[in-house]
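Colleague: With these hints in hand, go ahead and build the complete structure from the sequences.
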Amino acid sequence: MKISTNWLKDFVTLAPPFARIAERLTLAGLEVKKCETLTQPSDTLFEIEITSNRPDWLSHWGVAREIAAVENLSLKNPVLDPETGRVPPPGWKIHIKDAAGCPYYTGVLIEGITEFKTPDFIVNRLLACAIRSINLVVDITNYVLLEVGQPLHAFDADLIQGKEIQVRKPKQGEKFTVINGAQIELRPDDLVIADSDRAVALAGVMGGKDSEINERTRNVFLESAFFNPGRVRKTSRAHQLSSESSYRFERRVDPEAVDVGRSRAVALIQKYGKPRHISAVIKAGEKPQLEVKSIHLRFEEVTQVLGVEVKPSQIALILTRLGLHVKQHTSGGSAGETAEHSRSPSTLNKERGSWTVGIPSFRPDLTRPIDLVEEIARIYGFENIPETLPARPPLSVGENPRLSLERKIRYFLSGAGLSEAVTFSLVSDEGLDPEKDLQHAVRIVNPLQHGLHWMRPTFVTSLLNVIRKNVNAGADSVQIFEIANIYGAPAGGKHPVEERTCAIALYGKKAVQSWLDAARAVTFYDLKGYVEAVLTSAGCQERCVAKIEKSYFAGQGAEEIRVWQTPVAFLGEVSGELLKKWDLKEPVFYAEISLEKLMEHAQKIPAFKEWPRYPAIERDLSLVVKESVKSGDLMREIQGMGEGLIREVSLFDLFRGKRVPEGCKNLAFRVVYQSPERTLVSEDVQKVHEKIAQSLVQKYQVSFQGR
Amino acid sequence: MNDQISRLENEAREDLARADSAEKIESFRVAYLGKKGKLTELFKLLGTVPPEEKKAVGAELNRLKQWLEEAVEKGKGNAPRTDASREIFDETLPGIRPPQGSIHILQQTIQEISAIFHRMGFETVEGPEIETEFHNFTALNIPLDHPSRDAFDTFYTPQGQLLRSQTSTVQIRVMKDRKPPLRIIAPGRVYRPDTVDASHSFMFHQIEGLMVDSGATFSDLKGVLHLFLRELFGSQTKIRFRPHFFPFTEPSVEVDIQWGKGWLEILGAGSVDPNVFDEVGYDKAVTRGFAFGLGVERIAMLRHGINDIRHFYENDLRFLRQFA
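Chains as they are written, first to last, in this note's numbering: chain B, 1 to 707; chain S, 1 to 324.
These are calculated hints, taken from the structure and not from any lab test. Don't take each hint at face value.
Chain B is nowhere near these chain S residues, computed Cβ spacing over 12 Å in every case [what the hints assert, rightly or not]:
id	residue
1	Ser6
2	Glu14
3	Leu16
4	Asp20
5	Ser21
6	Thr40
7	Lys44
8	Val49
9	Glu69
10	Glu70
11	Val72
12	Ser214
13	Glu254
14	Ser271
15	Arg298
Ranges between beta-carbon positions, derived for each pair [to be verified]:
id	chain 1	residue 1	chain 2	residue 2	range
16	S	Gly215	B	Gln449	45 to 53 Å
17	S	Pro158	B	Tyr525	36 to 44 Å
18	B	Lys171	S	Pro158	31 to 39 Å
19	S	Pro158	B	Ala473	31 to 39 Å
20	B	Thr523	S	Ala17	38 to 46 Å
21	B	Lys699	S	Pro158	51 to 59 Å
22	S	Ser235	B	Ala391	20 to 28 Å
23	S	Asp177	B	Gly529	39 to 47 Å
24	B	Lys581	S	Lys261	23 to 31 Å
25	S	Ala17	B	Pro615	17 to 25 Å
26	S	Ser235	B	Thr523	32 to 40 Å
Every residue gets a Cβ at the ideal spot worked out from N, C-alpha and C, and that includes glycine.
Modeller: Have a look at this one:
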């Protein structure tokens, strides 16, 4: 909201420079975002931003009240109409049929307006606050709204049927034409102002087209009321109609300002509109009272919360300056007696006493002692509260082991040349199978854009997006990972589950070409290597693999890695269909590692293992075998036959074609024999090695070749 | 002929054993494989071999040649470096860089901020992103139908769960779970249906902090946050504490840091509202504490001069690698 300092001067004496006042207000919680100087007419404007608990600042009078409090100044009141010696308008009635929605409604009938020119000062002040002048009566209602914060509504009295004002819920199927010409269907929970015939205003939100003031209006019915904040808010949101009025009503207006605002407007209309006749005020209902009218505040509460001793006299002064009614108590003495100097500190605090603080109608936000402590701190100045560091209790600060693992994985993968991505948890259904992927996914009912309806059940489409984006930007290789949650909706409507997951996607080249090395494309086994290394770094042993299928993987070539039979990771080559959809020319290899499951088998503190002190002997096994035989089975077989003498079996060559028969492959294993107990001699090894070879021939029909 | 071949082989083995430097390996190579080398000479004699033996002798010569070549190659690798072997050294050849990856700047920022708080005895905790109305609103003293909820628009699931709009949900869970004293920070993703532009995103990262202790005061809050901001932005950092409103703290404060000529809001904080202690079952009469919340993106943007929040989620490698 814009505040004109010229206008403020009607209520409080401002000691320039204005920038200083703006800073004082900001540091008291009434934030002045901008301070701007106008010429013609000369003025300084404050652009203020209020917090939702302080609607009493939404007017010049309210801001002036705050300035008076922080600067310790006196506050003048606006000039009001005395409202005496008038007679009620004959035949006019107000019926509140929904007291919860409108506890208090008042009105005045003003007849025979003779002047229509809005005085310049009103036009200028409205303009300074970004409101255009329309006509005298509307300008005055807007002026009063900006001045004292009470929204008013002026009806053309001749357009009100039956001289009757009803405040009621809409009738079944009732429609209403808003001032801007739009017709809306009223909701049963809305609140309308109606005459004997039809709705003439959406209470507190907007007037109706049918009863709008126009340039021919001579007779005006002026409304000033209190509407229930929650009801106004619901109506305003439901119909997507908001106004300066609804903005204030939904934050709650000061019930006392209902009368003040009306009297202020009547005074201005009388002065500038020169009406022939003004009626007495007609009213219905009662002004709502504060739920908490006074608060008991103890001195030590202030000290305990703030960590600074504010003098009791200063506390009382601050609260008084804020317009609160302060009554001091001292225990063990008569009111007003202070005995600060002769007592021990422990009794001193008690003796410093307490206060009963009466709350004015414009501060419904003050209901508890803590609310008063905040007020004291605000005016005392946050900058005057010292800075201290709390003593640290002798408690250990553990670290969530999964977070340590995540950090380790981040360092490992980034060190290996992968870049960490952060992508949105919300995804569209593009590339995902409605059955296999989305059946148990968590849906969002109010997505913002692009059909981002799903809490992702997999990162695959998110990472494909990143690859595509970079390829389009000219990158030939994209190697990325992300650590975040995937989400799933368990059957039976239970609360959704979230699983921390590390996803890896590889595209393009493993190594770039240099003057020393050739380039090489990434393969599935590069990805598998990363995954295996991550599992190893977590201290996972006893792994096995199994083939799996996923909707987004190519039919062959996807597998799952299990640790102690728990699947902890899966990886595969992204299907051609998806590559086409994402317009990618090279294959994409994709893996997910469940960090939650990995944690179950992770070794947090690795235990030292002694390595064998006796020399090792290496022997190779180069063999030809049918394609259908799996290398892992052969390795397990070799290890199993080793009579405890094999430390390691590794595959160092895989070869097809040329001298290898069709349908077969040549595998070369290196077997490292080593005993933890003795030095092996060639004969020991030879015996075992030959036995293994024979067993492989019998069991897997391998043939040996070569030298 | 075969005799000659095996003699040459034995001779070569002896010579090779003595070739213990790169220069000697090179002279060995010239002696055997050079244009007038011993093996080259033997190859010239191949024409004199009777045709029926030619194939076998040829194969044998080739075997020897291959062995010699491998031996030379191997010898070169094993030979100790001497200054002479550096003759071909070109100091301007570029180094072969290891592959360079990167940790996302948001993660780096979270780690850095967390480390500062860890030093002050705060522990990192986590909570779910899909939450209940209770943890996101009710327990945080945010009334269901009130303008104070305007700032906290939320995404909903069909079952009425929601995506947390702030990481303050985690403090509720931790307080319901544990007894004071507490010092925690909770980093994580939060969601608000904001239209995406240069400074808004519907998903972003927050770090929530909470300290609960019977003696915690507002002056402690000031001390902890000022120390934190000094550690993050440098010891010269000027800050100011400005009263504000949050439903879950009272007194509430916004902290600004001086940035150029003006002030920039950097975080929100306050003493925990007694209603929140009530909701989690702490005795509000004796429990005190303070909480703070900060936006990771905002801090990263300020520190690194990043001008558009969308960079964080687009993951252009040209962006990511700048923070390697």
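Colleague: All hints, please: hold or fail.
Modeller: Consistency of the hints with the structure:
1. Ser6: Label holds. Min Cβ-Cβ 19 Å, cutoff 12 Å.
2. Glu14: With a cut-off of 12 Å, Glu14 of chain S remains clear of chain B, as the shortest Cβ separation is near 25 Å.
3. Leu16: holds, 22 Å
4. Asp20: holds, 25 Å
5. Ser21: The claim holds: Ser21 of chain S sits with its nearest Cβ about 24 Å from chain B, beyond 12 Å.
6. Thr40: Thr40 of chain S is indeed farther than 12 Å from all Cβ atoms of chain B, at 27 Å.
7. Lys44: Label holds. Min Cβ-Cβ 30 Å, cutoff 12 Å.
8. Val49: Val49 of chain S clear of chain B: closest Cβ-Cβ about 26 Å, beyond 12 Å.
9. Glu69: For Glu69 of chain S, whose nearest Cβ neighbour in chain B is about 18 Å away, the distance exceeds 12 Å, so it holds.
10. Glu70: Per Cβ check, Glu70 of chain S is outside 12 Å of chain B; nearest 15 Å; holds.
11. Val72: holds, 21 Å
12. Ser214: violated, 9 Å
13. Glu254: Since the minimum Cβ distance to chain B is about 8 Å, Glu254 of chain S lies within 12 Å and the statement is violated.
14. Ser271: Violated, since 6 Å does not exceed 12 Å.
15. Arg298: holds, 15 Å
16. S:Gly215 x B:Gln449: 45 to 53 Å: The hint (45 to 53 Å, Cβ to Cβ) holds, given that Gly215 of chain S and Gln449 of chain B are roughly 48 Å apart.
17. S:Pro158 x B:Tyr525: 36 to 44 Å: Once the Cβ atoms are compared, 43 Å apart, the range 36 to 44 Å for Tyr525 of chain B and Pro158 of chain S holds.
18. B:Lys171 x S:Pro158: 31 to 39 Å: holds, 33 Å
19. S:Pro158 x B:Ala473: 31 to 39 Å: holds, 38 Å
20. B:Thr523 x S:Ala17: 38 to 46 Å: For Thr523 of chain B and Ala17 of chain S the Cβ distance comes to about 42 Å; the hint holds.
21. B:Lys699 x S:Pro158: 51 to 59 Å: Given about 56 Å between the Cβ atoms, the range holds.
22. S:Ser235 x B:Ala391: 20 to 28 Å: Check passed, 23 Å falls within 20 to 28 Å.
23. S:Asp177 x B:Gly529: 39 to 47 Å: With Cβ atoms ~40 Å apart, the hint holds.
24. B:Lys581 x S:Lys261: 23 to 31 Å: Violated: the Cβ-Cβ distance is about 51 Å, outside 23 to 31 Å.
25. S:Ala17 x B:Pro615: 17 to 25 Å: holds, 24 Å
26. S:Ser235 x B:Thr523: 32 to 40 Å: 51 Å Cβ-Cβ, so the 32 to 40 Å window is violated.
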